[in-house]
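Peer 1: Take a look at the letters that make up each chain.
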Amino acid sequence: MLKKRIIPIQLLDGNRLVKSVNFENLRDVGDPVSSTRIYNSQYADEIIILNISRQDKSIAHLSSVLTQAAKVAFMPIACGGGVNTADEATELILFGADKVVLNSILYKQYDVITKVANRHGSQAVVACIDVRLNVEKNVYELYSNNGLDKEKIPLKHHCNKLCDSGVGEIIVQSIDNDGMMAGYDAELIKLCRSFVNVPVIAAGGSDSYEGLLTLFNETDVSAAACGSIFNFSDSNLLRAKSFLKNYKVRMKKV
Amino acid sequence: MIGIIDCGRSNVTSVKNAVYEVGFDYQLIGSSDFEKINDLTHLILPGVGSFGAISECLHKDGYVDFIHSWVKKNKPFLGICLGMQLLFDGSAESPGVPGLGILPGVVEALPATDGNRVPHVGWNELEIIEKNTLVSGIVNDCDMYFVHSYFCPVGSYTVAKTKYVEEFSSILRKGNVCGMQFHPEKSQKNGLRLLENFLEI
Numbered sequence: 000m001l002k003k004r005i006i007p008i009q010l011l012d013g014n015r016l017v018k019s020v021n022f023e024n025l026r027d028v029g030d031p032v033s034s035t036r037i038y039n040s041q042y043a044d045e046i047i048i049l050n051i052s053r054q055d056k057s058i059a060h061l062s063s064v065l066t067q068a069a070k071v072a073f074m075p076i077a078c079g080g081g082v083n084t085a086d087e088a089t090e091l092i093l094f095g096a097d098k099v100v101l102n103s104i105l106y107k108q109y110d111v112i113t114k115v116a117n118r119h120g121s122q123a124v125v126a127c128i129d130v131r132l133n134v135e136k137n138v139y140e141l142y143s144n145n146g147l148d149k150e151k152i153p154l155k156h157h158c159n160k161l162c163d164s165g166v167g168e169i170i171v172q173s174i175d176n177d178g179m180m181a182g183y184d185a186e187l188i189k190l191c192r193s194f195v196n197v198p199v200i201a202a203g204g205s206d207s208y209e210g211l212l213t214l215f216n217e218t219d220v221s222a223a224a225c226g227s228i229f230n231f232s233d234s235n236l237l238r239a240k241s242f243l244k245n246y247k248v249r250m251k252k253v
Numbered sequence: 000m001i002g003i004i005d006c007g008r009s010n011v012t013s014v015k016n017a018v019y020e021v022g023f024d025y026q027l028i029g030s031s032d033f034e035k036i037n038d039l040t041h042l043i044l045p046g047v048g049s050f051g052a053i054s055e056c057l058h059k060d061g062y063v064d065f066i067h068s069w070v071k072k073n074k075p076f077l078g079i080c081l082g083m084q085l086l087f088d089g090s091a092e093s094p095g096v097p098g099l100g101i102l103p104g105v106v107e108a109l110p111a112t113d114g115n116r117v118p119h120v121g122w123n124e125l126e127i128i129e130k131n132t133l134v135s136g137i138v139n140d141c142d143m144y145f146v147h148s149y150f151c152p153v154g155s156y157t158v159a160k161t162k163y164v165e166e167f168s169s170i171l172r173k174g175n176v177c178g179m180q181f182h183p184e185k186s187q188k189n190g191l192r193l194l195e196n197f198l199e200i
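Residue numbers (numbering that gives the first Met the number 0), protein chains in the order written: chain B, 0 to 253; chain C, 0 to 200.
Quick caveat, the hints were computed from the structure, so don't treat them as lab data. Keep in mind that the hints are not guaranteed to be accurate.
Claimed, not checked - Below, a list of computed lysine to any residue pairs in the SDA-like style, where the Cα atoms sit at most 20 Å apart:
1) B/K247 - C/C141
2) B/K189 - C/R116
3) B/K252 - C/R192
4) B/K2 - C/P118
5) B/K70 - C/G22
6) B/K2 - C/T112
7) B/K2 - C/S148
8) B/K244 - C/N139
9) C/K72 - C/G61
10) B/K2 - C/R116
11) B/K70 - C/L27
12) B/K70 - C/N16
13) B/K2 - C/V138
14) C/K162 - B/V253
15) B/K70 - C/E20
16) C/K188 - B/S33
17) C/K71 - C/N175
18) B/K70 - C/D5
19) C/K188 - B/R238
A quick note: this is a predicted structure, and the numbers were derived from the prediction, not measured.
Throw the hints in and build the complete structure from the sequences for me.
Peer 2: Structural data, given as structure tokens:
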């Protein structure tokens, strides 16, 4: 039986890792390679490395960090940020990524998914969706370009397009909950899960072991992506998994 | 020195990193490198891609004879993922395309069911059914990282099996020919231990 996954999410800005609050106010949280080494020693199920820099979105820079991280990460690596073409995705895979994360480009070209899936298999293509709740209209709205540009397409329509194009997994990230350390947006996750038949990874809002348990109990997500919980609290992956296992969440046995 | 077959179609980066991590040096073996074989003690065939494409490449570039003569000398050989599937006669993925034919039988397709999507991607358990030096120090039920849509049926060479819709061979061994359906290089402590066990054969 497949296991639920806890995935540390590492946001890259230049040569450093940062953590955001609502996609703003970046705080330095360390070195990408040292951090990857620690997550590897704590048996993370996977790691996500995203280049969120607003200055250097080059694949060359991301590849150079990835090459170093891949030497200390003996687990699957998902990597993205600024990937616009299938060739760029291939480059990341050759430098050690197992999965490539696509985001802003998808609002213009869904066929990048199909091209990458044809070359490397659908499991190698992950779409990340950044979402804000429009409180007045009570509707979820999608954003691209690091949360700066609002997209017109409705969430459901976008989800369907991703699946039709052959995406392997979807990261659903709540911009409202990002860095707030107040729990995941379970309603958003449930909604997305109802639109798609591929594994969903929840992101935005990791706060505590109880918060992870709530997420796994209330939704059928495949994985929780975690930033703040491991950056800003006393929590660590080993304890998170011990805690969840006690509550019968299926975690991998090491 | 460990040889890693690199026919230019697969990503060998993670296998290289893992071999190095467990304390061995490696040499990539391209189609013009067969003379380097004298320095080699172990051979690894990593595999990502489709059975047909990689098989064609192995046949066209002369790898098949090289691998067969290696195996005939009873030297240690490890096929990872597609590399393990290629040990068989053929695969449902590419009907009519011959594999290496080192193990008898044909690789089958995993059927998708409600709630069990194909490809089978993620951490899943090993059930060890044969005590073997290859799995020494590996506890039963520990999880490995799988990514595949086709499977090798359980047979007399199966050392460990895994269930995802179907039961299939996740580790197999015949003499010094070994196969792993999951990615040991991506399966952390236990995966690296398996790789180390192989490299110490």
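Peer 1: Indicate, hint by hint, whether the structure satisfies it.
Peer 2: Okay, the hints, checked on the actual structure:
For the hint pairing B/K247 with C/C141, the CA-to-CA distance comes to about 16 Å; that is within 20 Å, so the pair holds. A C-alpha spacing of about 19 Å is found between B/K189 and C/R116, which places the hinted pair at or below 20 Å, so the restraint holds. Taking the CA atoms of B/K252 and C/R192, the gap is near 15 Å; set against the 20 Å cutoff, the hint holds. Between B/K2 and C/P118, the direct Cα distance comes to roughly 15 Å. Compliance with the 20 Å bound is thereby established for this hinted pair.
The straight-line distance between the Cα atoms of B/K70 and C/G22 is roughly 13 Å, inside the 20 Å bound, and the hint therefore holds. This hinted pair checks out: B/K2 and C/T112 have alpha carbons roughly 18 Å apart, not beyond 20 Å. Our distance criterion of 20 Å between C-alpha atoms is met by B/K2 and C/S148, whose separation comes to about 18 Å. Annotation: proposed proximity of B/K244 to C/N139 holds, straight-line Cα distance about 18 Å (limit 20 Å).
Annotation: proposed proximity of C/K72 to C/G61 holds, straight-line Cα distance about 18 Å (limit 20 Å). With a CA separation close to 14 Å, the supplied pair B/K2 and C/R116 stays within the 20 Å bound. In summary, the hint linking B/K70 to C/L27 is supported, as the alpha carbons are separated by about 17 Å, within the 20 Å threshold. Between B/K70 and C/N16, the direct Cα distance comes to roughly 6 Å. Compliance with the 20 Å bound is thereby established for this hinted pair.
For the given pair, B/K2 sits about 17 Å from C/V138 by alpha-carbon distance, which is consistent with the 20 Å threshold. For a cut-off of 20 Å, the pair hint linking C/K162 to B/V253 stands: about 18 Å separates their Cα positions. At roughly 8 Å between alpha-carbon atoms, B/K70 and C/E20 fall within 20 Å of each other, so this suggested pair holds. Of the pairs offered as hints, the one joining C/K188 and B/S33 holds, with about 18 Å between alpha carbons and a cut-off of 20 Å not exceeded.
For the suggested pair C/K71 and C/N175, the alpha carbons sit about 10 Å apart, so the restraint of at most 20 Å is met. A distance of roughly 19 Å separates the Cα atoms of B/K70 and C/D5; the hinted pair therefore holds under the 20 Å criterion. Between C/K188 and B/R238 the CA atoms are separated by roughly 18 Å; this keeps the pair inside 20 Å, and the hint holds.
Hint compliance for this structure: no hint is broken.
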